[in-house]
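Trainee: Below, each chain spelled out in residue letters.
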Amino acid sequence: MNTIYFDNNATTKVAEQVLEEIKPLFCELYGNPSSMHTFGGQIGRRIRQAREQVARLLGCEPSEIMFTSGGTESDNAAIKGALAAAPNRRKIITTRVEHPAVLAVCRELENHGYTVVELGVDRQGRLELAELAEQIDDDTALVTIMYANNETGVIFPVEKIAELVTSKGSIFHTDAVQAVGKIPLNLSKSRIDLLSLSGHKLHGPKGVGALYVRKGTRLSPFMLGGHQEAGRRAGTENVPGIVGLGKACELAAENLEAENSRVKALRDKLEDAILETCPDSRLNGDPENRLPNTSNISFEYIEGEAILLMLDKYGICASSGSACTSGSLEPSHVLRAMGVPFTAAHGSIRFSLSRYNTEKEVDYTIEKMPRIVNQLRELSPFVAK
Amino acid sequence: MWEYTDKLKDHFFKPRNVGEVEDPDGVGEVGSLACGDALKLTFKLDKNGKIKDAKFKTFGCASAIATSSVLTEMIKGLTLDEASKVTNKDIADYLGGLPEQKMHCSVMGREALEAAIENYRSGGKKKHELEGNVICTCFGVTDREIERVISENDLTTVEEVTNYCKAGGGCGGCQSEIEKIIEKIQGDKIEQTPAPVPRRAGRLTNIQKIQLIQQTINEQIRPALRAHGGNIELIDVEANKVIVAFRGMCAQCKLAEYTMKDVVEAKLREFVSAELLVEEDKESALQPHNHRE
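Residue numbers (our numbering), protein chains in the order written: chain V, 1 to 385; chain G, 1 to 293.
Derived by calculation from the structure, the hints in this document are not laboratory data. A portion of the hints provided could be inaccurate.
Claimed, not checked - Heads up, simulated SDA-like pairs for lysine to any residue below, C-alpha to C-alpha not over 20 Å straight-line:
#: 1; chain 1: G; residue 1: Lys14; chain 2: V; residue 2: Gly113
#: 2; chain 1: G; residue 1: Lys14; chain 2: V; residue 2: Asn111
#: 3; chain 1: G; residue 1: Lys85; chain 2: G; residue 2: Lys9
#: 4; chain 1: G; residue 1: Lys9; chain 2: V; residue 2: Arg371
#: 5; chain 1: G; residue 1: Lys55; chain 2: G; residue 2: Tyr120
#: 6; chain 1: G; residue 1: Lys209; chain 2: V; residue 2: Asn111
#: 7; chain 1: G; residue 1: Lys209; chain 2: V; residue 2: Gly113
#: 8; chain 1: G; residue 1: Lys52; chain 2: G; residue 2: Glu118
#: 9; chain 1: V; residue 1: Lys91; chain 2: G; residue 2: Ile235
#: 10; chain 1: G; residue 1: Lys9; chain 2: V; residue 2: Glu110
#: 11; chain 1: G; residue 1: Lys7; chain 2: V; residue 2: Gly44
#: 12; chain 1: G; residue 1: Lys55; chain 2: V; residue 2: Tyr301
#: 13; chain 1: V; residue 1: Lys91; chain 2: G; residue 2: Tyr94
#: 14; chain 1: V; residue 1: Lys13; chain 2: V; residue 2: Pro381
#: 15; chain 1: V; residue 1: Lys91; chain 2: G; residue 2: Lys55
#: 16; chain 1: G; residue 1: Lys209; chain 2: V; residue 2: Glu110
Quick caveat, the model's predicted, so the values are computed rather than measured.
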């Protein structure tokens, strides 16, 4: 059975070209870039090249890129580092729909005397900018708001938010883990101070990410030790990871426009067909301002984990905001913040596509989905005969 | 991904006895859409008082569906006295085991069976009712139910209780009450570990007192408010007066019948000092929220 992978917001396939680039770095070119000898020193060049590749995708200077172990570390480093560099301000503004890598950090800081404001979203997952403007005051150290939501794909007006925040003298961080490589960015024309990204969300390896730190932004180091990453992030570089991330960014930059329209067409086809053929299904999130690859659909009266297992039987991989898939007993915090009723949240399925998906896969899923939904509804006590 | 047994998968992909029996002798309905799983069990007796036919309809995950399916298989041919002895453990064992976090599915099966038998014995009048006092307001679990899963499954931790009946798995506000129930039933079985928060120390310096107040708010009070969309902030401490502010949306909060001030005061008195008084910050008191009477 072939695997049909529609869970690319969870992780992605490493591009073959990325793997080729990484291979020699384990047994042949295994030197430490900090070494004085040529053997190690040549690795420094590879890291420099990777930094340039990442910077090109983001439209920033290579010196503004700091490599980390992934999205979570980038978020932690950005939030804690920015706060430590502004000790006189004690307020953080974020949203209720952030990834746990941001939300859990903010909530923990609340226990250390910070005031944390979590902005709500409307039914389509959109922010009210006026509410944000109202909340920013002289005490606000940091505003951290994601670029695009991992569950719904809803894109926030981050450029506008960045202007609003920085014009009032606060630092602005955005978790762009889901946006980088999926939509075009140009940080040279933006007021964003800090931006997190992750390698494995854009066909790079796991365990590597980066934090963009705008030139002049004050940031206390998060990890102490050696002098790596200009003293901002100690620890011997994850050379294969960093080189792989660089290559993945180069590939993303090359194909961005073309791939996006192709992926979007596939996503739209899948989404339209499911909404049409499955009664009592609804789209979660803003249909307009959305990542081109993500679709989050709720099916009333049935439960997400059961749907996933049925899909799994056909080799189709997706994910769900249902309580049962998380190990917790509550459904997705994102869908609940949007006011999606519990009934619909328990039956939500996220399809997230990539450039490796084909029309055949979409057609196959379109064919199976109504059957699965009907089969489970036949079991459900909430569906009248 | 959950580790499901082959038997469980078989009953999920090919559920037996789906539907409702015609003109049932007993009907049991438990759970709800909001809780994430629900089961409707119907059965018909033969003239010897044995279960002739049993059918189910289930909303829920794979293990909820499979549990319901095996339940109908297990009870066919049993008398009601025999059926009422079926425990959640029997159901889980029949499936070759369930992941720990899914044990509540087997409890739901047993509850539905009980409800259906009760319904039959009351001549079709009685529906499933909660017995005892509700401890977990998030999932509507009573002390009786908690006591039962603890003794039937020999549970010793709050986490296990949550796995078996969901209690404590929402806001977490009732976890200390669950702990007390476990203590009551299991007594000496549980290892005595020192409480995480030092109970009311004798003399505290001002700094120690303020730190303990902040810690109590962080660990004992905020998580419960948080789960209902609210929040609390410590504004100041003046001698024994603790000034706090309430934040966030609390409109649908189930704690609305209490004044928040009283809840906070009780916790602070329990964990810090009996002399403390809680006052709501003036600015925060002007904000609309439902926590005040």
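Trainee: Between the alpha carbons of Lys91 of chain V and Lys55 of chain G, is the straight-line distance 20 Å or under?
Mentor: Outside the cut-off at roughly 57 Å; violated.
Trainee: Take a quick look at whether Lys52 of chain G and Glu118 of chain G sit within 20 Å of each other, Cα to Cα.
Mentor: Roughly 17 Å between the alpha carbons, so the hint for Lys52 of chain G and Glu118 of chain G holds.
Trainee: Holds or violated: Lys14 of chain G with Gly113 of chain V, Cα cutoff 20 Å?
Mentor: Status violated; Cα separation ~54 Å.
Trainee: Are the Cα positions of Lys13 of chain V and Pro381 of chain V separated by 20 Å at most?
Mentor: Given that 20 Å is the threshold and the Cα spacing comes to 39 Å, the pair is violated.
Trainee: For the pair supplied as a hint, Lys91 of chain V and Ile235 of chain G, is the alpha-carbon distance within the 20 Å limit?
Mentor: 14 Å, holds
Trainee: Between Lys9 of chain G and Arg371 of chain V, does the CA-CA distance stay at or below 20 Å?
Mentor: 18 Å, holds
Trainee: Taking only the CA atoms, is the gap from Lys7 of chain G to Gly44 of chain V under or equal to 20 Å?
Mentor: 55 Å, violated
Trainee: Is the Cα-Cα distance between Lys14 of chain G and Asn111 of chain V 20 Å or less?
Mentor: Roughly 50 Å between the alpha carbons, so the hint for Lys14 of chain G and Asn111 of chain V is violated.
Trainee: What's the verdict on Lys55 of chain G and Tyr120 of chain G, does the C-alpha distance respect the 20 Å limit or exceed it?
Mentor: Answer holds: Lys55 of chain G to Tyr120 of chain G is near 15 Å, not above 20 Å.
Trainee: Does Lys209 of chain G pair with Glu110 of chain V here, judged by a C-alpha cut-off of 20 Å?
Mentor: Holds - the C-alpha atoms of Glu110 of chain V and Lys209 of chain G are around 19 Å apart, at most 20 Å.
Trainee: Taking 20 Å as the top limit, are the C-alpha atoms of Lys55 of chain G and Tyr301 of chain V close enough?
Mentor: 19 Å, holds
Trainee: Checking one constraint from the list: CA of Lys209 of chain G to CA of Asn111 of chain V, max 20 Å. Satisfied?
Mentor: Measuring from Cα to Cα gives roughly 16 Å; hence the hint holds.
Hint compliance for this structure: hints 1, 2, 3, 10, 11, 13, 14, 15 are not met, and every other hint is.
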